[in-house]
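Peer 1: Given next are the chains, with one letter for each unit.
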Amino acid sequence: MYNEEVIKEFQNLQNVGFLENNNAYSKIGNAACGDIMEMTMYINPETEIIEQVAFRTFGCAAAQATSSRATTLVKGKTAKEALELSNKAVVDSLGGLPAQKLHCSVLAEEAIKACIENYYERKNGTEKKEETKYV
Amino acid sequence: MYNEEVIKEFQNLQNVGFLENNNAYSKIGNAACGDIMEMTMYINPETEIIEQVAFRTFGCAAAQATSSRATTLVKGKTAKEALELSNKAVVDSLGGLPAQKLHCSVLAEEAIKACIENYYERKNGTEKKEETKYV
Amino acid sequence: MKVYLDHSATTYVDKDVLEGMLPYFTDVFGNGSSQHFYGREALKAIDEARDKVAKALNCKSTEIYFTSGGSESDNMAIKGYALAHKDKGNHIITSKIEHPAVLESCRKLEKMGFEVTYLDVDNEGFVDPKAVEAAITDKTILITIMLANNEIGTIEPIKEIAQIAKAHHIAIHTDAVQAIGNIPVDVQDLGVDMLALSGHKFYGPKGIGVLYKKNGVKIERFLDGGEQERNLRASTLNTPGIVGIGYAIEKAVKDLDKNAKHMAEVRDYFVKKVQDSLEYIMYNGPKDSSKRLPGNSDFSFVGIEGEGILFHLDLAGIAVSSGSACSSGSLDPSHVLLAIGVPMAIAHGSIRFSFGKMNTKEEVDYTVDVLVKTVNQLRSMSPIYDELIGEYKKCIMKK
Amino acid sequence: MKVYLDHSATTYVDKDVLEGMLPYFTDVFGNGSSQHFYGREALKAIDEARDKVAKALNCKSTEIYFTSGGSESDNMAIKGYALAHKDKGNHIITSKIEHPAVLESCRKLEKMGFEVTYLDVDNEGFVDPKAVEAAITDKTILITIMLANNEIGTIEPIKEIAQIAKAHHIAIHTDAVQAIGNIPVDVQDLGVDMLALSGHKFYGPKGIGVLYKKNGVKIERFLDGGEQERNLRASTLNTPGIVGIGYAIEKAVKDLDKNAKHMAEVRDYFVKKVQDSLEYIMYNGPKDSSKRLPGNSDFSFVGIEGEGILFHLDLAGIAVSSGSACSSGSLDPSHVLLAIGVPMAIAHGSIRFSFGKMNTKEEVDYTVDVLVKTVNQLRSMSPIYDELIGEYKKCIMKK
Ligand SMILES: Cc1ncc(COP(=O)(O)O)c(C=O)c1O
Ligand SMILES: Cc1ncc(COP(=O)(O)O)c(C=O)c1O
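Residue numbers (this note's numbering), protein chains in the order written: chain A, 416 to 550; chain B, 416 to 550; chain C, 225 to 623; chain D, 225 to 623.
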């Protein structure tokens with residue numbers, strides 16, 4: 416059901432992991448629904464360019480492939496540019512996903528947005544710690 | 416669904432026809448139900464032996480085979496003996512019939528009984544002509 | 225000599241159709257719902273078959289549902305639509321000459337509080353579109369009329385009836401089980417909402433059927449369980465059957481003209497020969513060949529009973545049907561023949577000869593030979609032949 | 225290397241079973257209801273298959289009904305019995321871990337005014353006969369509990385439950401789709417009134433199933449139409465499918481001990497290897513092998529999501545199932561795992577490995593190698609592995 420491109424991405428996931436030196440963090444989703452996405456970035460405070468990005472996920476193959484692809488698409492872009500990234504662009508770049516898997520691609524977009532929001536919150540000192548609920 | 420014996424009887428029907436010189440006649444059944452049996456006999460008035468018997472039928476293969484067999488079974492018997500002939504005996508002599516065809520064998524028994532009754536009625540002058548309804 | 229003239233009861237699976245099915249029993253055996261190689265391989269074959277069926281019927285692949293046969297397709301369409309729309313109304317219109325799969329589905333709905341109008345047909349089996357329109361009430365939710373009759377071959381004016389249904393915002397289902405492979409079946413052109421097919425009537429496998437359901441038409445699920453067939457028909461997909469019906473329908477449509485022409489020619493040759501050789505017979509169904517299935521012919525032989533004829537032909541290697549295969553073993557004469565006005569006693573002496581794409585004129589010659597001998601023999605031993613000739617004459621005069 | 229470990233989803237048709245079926249597509253192609261040579265030939269094969277099934281289940285041939293699969297058999301039994309006995313009561317008892325064919329049939333009945341008790345199971349999936357008895361009211365007409373579960377292999381105490389049903393004059397149906405070929409299935413010994421089978425789960429064809437119904441037990445017809453199957457299941461008989469299921473069940477019963485022993489051995493070898501190689505896993509289902517299907521194993525791998533595992537195994541040529549094949553594509557974790565108390569997030573990381581009669585220990589070695597690598601890789605990229613270990617410990621303590 417997945418196309419070649421998705422399978423290739425899944426077999427060679429990019430930017431997997433956790434950046435200790437992050438200045439942007441997000442964790443979204445719900446384990447009870449089978450989807451958790453965690454993202455860390457290092458965004459250059461001068462240029463606002465996303466210099467490093469990493470993700471970890473508890474999610475299906477589509478979630479893994481789309482978050483991998485999404486991270487490669489935002490790496491090297493500015494935070495502003497990254498905010499423009501739509502899940503459609505990620506899916507298109509992978510050559511499409513089965514209909515019932517499209518919702519998974521939204522996770523990557525949401526994680527990036529939440530991550531960049533977190534960067535601005537931290538910068539502005541407005542960050543609030545929320546507990547993740549997963550059961 | 417029919418056994419060999421029934422098929423053989425069907426292919427070599429005995430006593431088919433109409434006896435012009437009959438002294439016993441019956442016609443039973445209902446064409447709307449797909450079953451009509453007509454029987455004629457010549458019964459020796461002295462000995463009461465059924466010397467000749469013939470049948471015609473508008474009916475299925477089972478009706479044909481059982482009436483053929485029934486006539487061979489009563490031929491040469493006395494009217495009294497013939498009245499004892501059960502449809503079971505006819506069916507047994509043919510080695511059995513499919514369950515949904517058993518009712519057809521009753522026709523032969525009934526035709527023989529009606530025919531012999533007709534013989535007695537004619538003899539006693541109590542015969543009444545009835546019209547056959549078939550539609 | 226063996227002559228099979230019962231193609232309306234069932235056909236054999238074409239050799240190449242069977243060959244196409246074979247890998248799906250043993251090698252590509254996965255469950256089409258499984259998320260792995262074996263499942264995907266099966267699903268691919270299923271998708272391809274679905275596309276073939278959709279192409280043949282001129283609709284979208286998402287409008288094709290695989291079932292276990294024509295009967296299930298009829299049940300699913302009729303009960304499924306009625307139950308999903310019972311808030312809108314409780315009236316259904318059908319005809320007196322439908323297949324039992326339709327009639328019995330309607331009877332089941334009657335038990336549940338629905339009302340059903342069983343329309344009369346004329347003496348050739350035609351439903352009158354005006355009668356359909358006249359039967360419509362504000363409670364009518366569904367019309368179900370067959371595209372072609374299985375006993376007497378009548379091709380119903382479904383296109384006209386569908387236009388009436390549409391004008392009144394009523395859904396229309398048609399049982400096309402006997403039509404496919406014999407006449408064009410284009411759901412757009414017909415304008416129907418639902419349509420039923422059965423694989424074994426057009427050289428495909430038994431135990432597989434199709435329901436076409438226009439997108440947007442809501443029905444309640446009939447077979448409950450897993451989420452197969454877009455959650456409308458549970459049960460593990462029958463891959464070999466589905467692949468088979470796909471190949472069969474592709475072939476049926478490709479060869480339609482050739483086969484129909486051939487069947488009509490052989491059938492017409494047969495009908496003429498029978499009519500030339502025997503008197504006091506009724507040729508049941510449409511006289512106009514263009515309104516009759518090309519392979520169908522049906523005769524009543526006055527004065528004799530059908531099973532006797534059938535059995536004599538059978539002993540001579542000729543396979544035909546008295547009434548429809550379904551009702552054989554039952555004692556009632558065909559409801560279809562009664563509906564077109566054949567008197568009861570004459571209806572009992574009826575035989576359907578249904579031709580297939582491979583039948584020949586030589587087979588016809590042999591069959592007519594045996595038939596004529598049989599009919600004459602049985603008539604000679606019929607106690608009511610003369611009386612039934614009278615019935616026959618009255619009936620002919622009425623027509 | 226290709227390894228098929230999804231035999232509970234479906235099996236291939238055995239070569240000799242297929243060979244037995246082949247003549248019935250093309251040569252002996254008649255309609256089993258037809259009154260001629262072609263029909264009789266087909267009927268003879270059907271009768272023989274019916275005898276084989278009856279013999280395998282230890283019942284009379286007149287108690288066997290052929291359907292289109294396990295789902296239809298369940299629908300026919302449950303809805304058919306309920307509708308035929310609605311005057312006696314409107315309460316049905318089933319369990320929370322039934323197959324969707326049973327659960328959805330029950331839900332449909334609820335919509336029609338019936339009441340259904342969905343019994344809890346213990347943490348190995350067992351239905352407690354005492355709970356069945358406690359659930360009985362004076363309105364209870366039917367109990368339907370599966371003989372063996374398709375996900376976690378639990379063999380339910382049907383014999384005991386049937387005794388309770390009998391004592392209360394309540395009918396009992398059992399879904400034996402997963403049981404046949406794996407454990408003995410004897411309807412007399414079990415004491416059930418109805419029992420469902422599906423051909424493709426024991427090396428027979430897809431699209432064919434069996435309903436055993438004890439003589440005297442009344443049900444309403446589900447599939448309406450012609451008078452096939454003693455007027456209880458319409459539609460032209462699927463001769464090749466019926467012949468196939470006949471051969472398959474004969475073989476399944478003959479080879480039962482050998483196959484079950486082999487499967488249990490390979491399965492046990494697999495389970496031990498997995499348990500020795502990975503920590504924080506849950507082996508779902510009965511620990512006692514004698515109460516578990518010999519080919520079944522089911523694991524939850526804490527901290528990761530099932531599809532990822534399934535996909536990695538698939539890329540390595542290994543076919544397994546996450547949850548049941550039916551619910552794949554859906555987002556809810558298996559209702560069975562939730563019913564036995566697996567926490568939601570952990571249930572998501574579950575895989576069923578179901579073994580067949582031809583699987584080998586070499587295949588197991590390869591599978592465990594790939595599995596261990598996969599689980600470790602996915603755990604390394606899981607953001608909630610550590611947290612879920614906590615969940616897991618709590619859950620284990622509760623048990
Ligand atoms: C007109 C018509 N409808 C429905 C059916 C039912 O098809 P099946 O027996 O394959 O379910 C048949 C044939 O039996 C038929 O001729
Ligand atoms: C326990 C159980 N019941 C019923 C079914 C339904 O069988 P089928 O899909 O062949 O209709 C299955 C398998 O899918 C099953 O595992």
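If you're looking for bench data, these hints aren't it; they were derived computationally from the structure.
Beta carbons are placed, not taken as given, at the ideal position from N, Cα and C, and that holds for glycine.
Take the hints with a grain of salt, since some may be wrong.
What the hints assert, rightly or not - Derived pair list, reagent style EDC-like, types lysine to aspartate or glutamate, alpha-carbon separation capped at 16 Å:
1. D/226 - C/265
2. D/332 - C/444
3. C/335 - D/344
4. D/320 - D/344
5. A/442 - D/611
6. C/226 - D/243
Said to hold, decoys possible - Far from chain B, by Cβ distances over 10 Å, these chain C residues were calculated:
7. 287
8. 303
9. 312
10. 340
11. 488
12. 530
13. 531
14. 587
15. 606
16. 612
Peer 1: Look at each hint and say if it fits the structure.
Peer 2: Results for each hint:
Among the hinted pairs, residue 226 of chain D with residue 265 of chain C is consistent with the structure: their alpha-carbon atoms are about 14 Å apart, no more than 16 Å. Between residue 332 of chain D and residue 444 of chain C the CA atoms are separated by roughly 10 Å; this keeps the pair inside 16 Å, and the hint holds. Our distance criterion of 16 Å between C-alpha atoms is broken by residue 335 of chain C and residue 344 of chain D, whose separation comes to about 35 Å. Taken as a hint, the residue 320 of chain D and residue 344 of chain D pair is honoured in the structure, with Cα atoms around 6 Å apart against an allowance of 16 Å.
Using a Cα cut-off of 16 Å, the hinted pair residue 442 of chain A and residue 611 of chain D holds, with the two alpha carbons roughly 14 Å apart. Pair hint residue 226 of chain C plus residue 243 of chain D does not hold up; C-alpha atoms about 25 Å apart against a cutoff of 16 Å. Interface exclusion of residue 287 of chain C from chain B stands, the closest Cβ pair being 42 Å apart, more than 10 Å. Non-interface call for residue 303 of chain C relative to chain B: holds, since the shortest CB-CB distance, roughly 29 Å, exceeds 10 Å.
The beta carbon of residue 312 of chain C is kept farther than 10 Å from every beta carbon of chain B, the shortest such distance being approximately 42 Å. Every Cβ of chain B is farther than 10 Å from the Cβ of residue 340 of chain C; the closest lies at roughly 26 Å, confirming the non-interface assignment. Remark: the non-interface label on residue 488 of chain C is consistent with the geometry, its nearest Cβ contact in chain B lying 32 Å away (cut-off 10 Å). Its closest Cβ contact with chain B, about 8 Å, brings residue 530 of chain C to no more than 10 Å, contrary to its assignment away from the interface.
Here residue 531 of chain C does not stay apart from chain B, with its beta-carbon only about 4 Å from theirs, under the 10 Å limit. For residue 587 of chain C, the shortest C-beta to C-beta distance to chain B comes to about 22 Å, beyond the 10 Å cut-off, and the non-interface label holds. The Cβ of residue 606 of chain C sits about 5 Å from the closest Cβ of chain B, inside the 10 Å cut-off, so the non-interface label is violated. Its closest Cβ contact with chain B, about 7 Å, brings residue 612 of chain C to no more than 10 Å, contrary to its assignment away from the interface.
Checked against the numbered hints given earlier, the structure breaks hints 3, 6, 12, 13, 15, 16 and satisfies all the rest.
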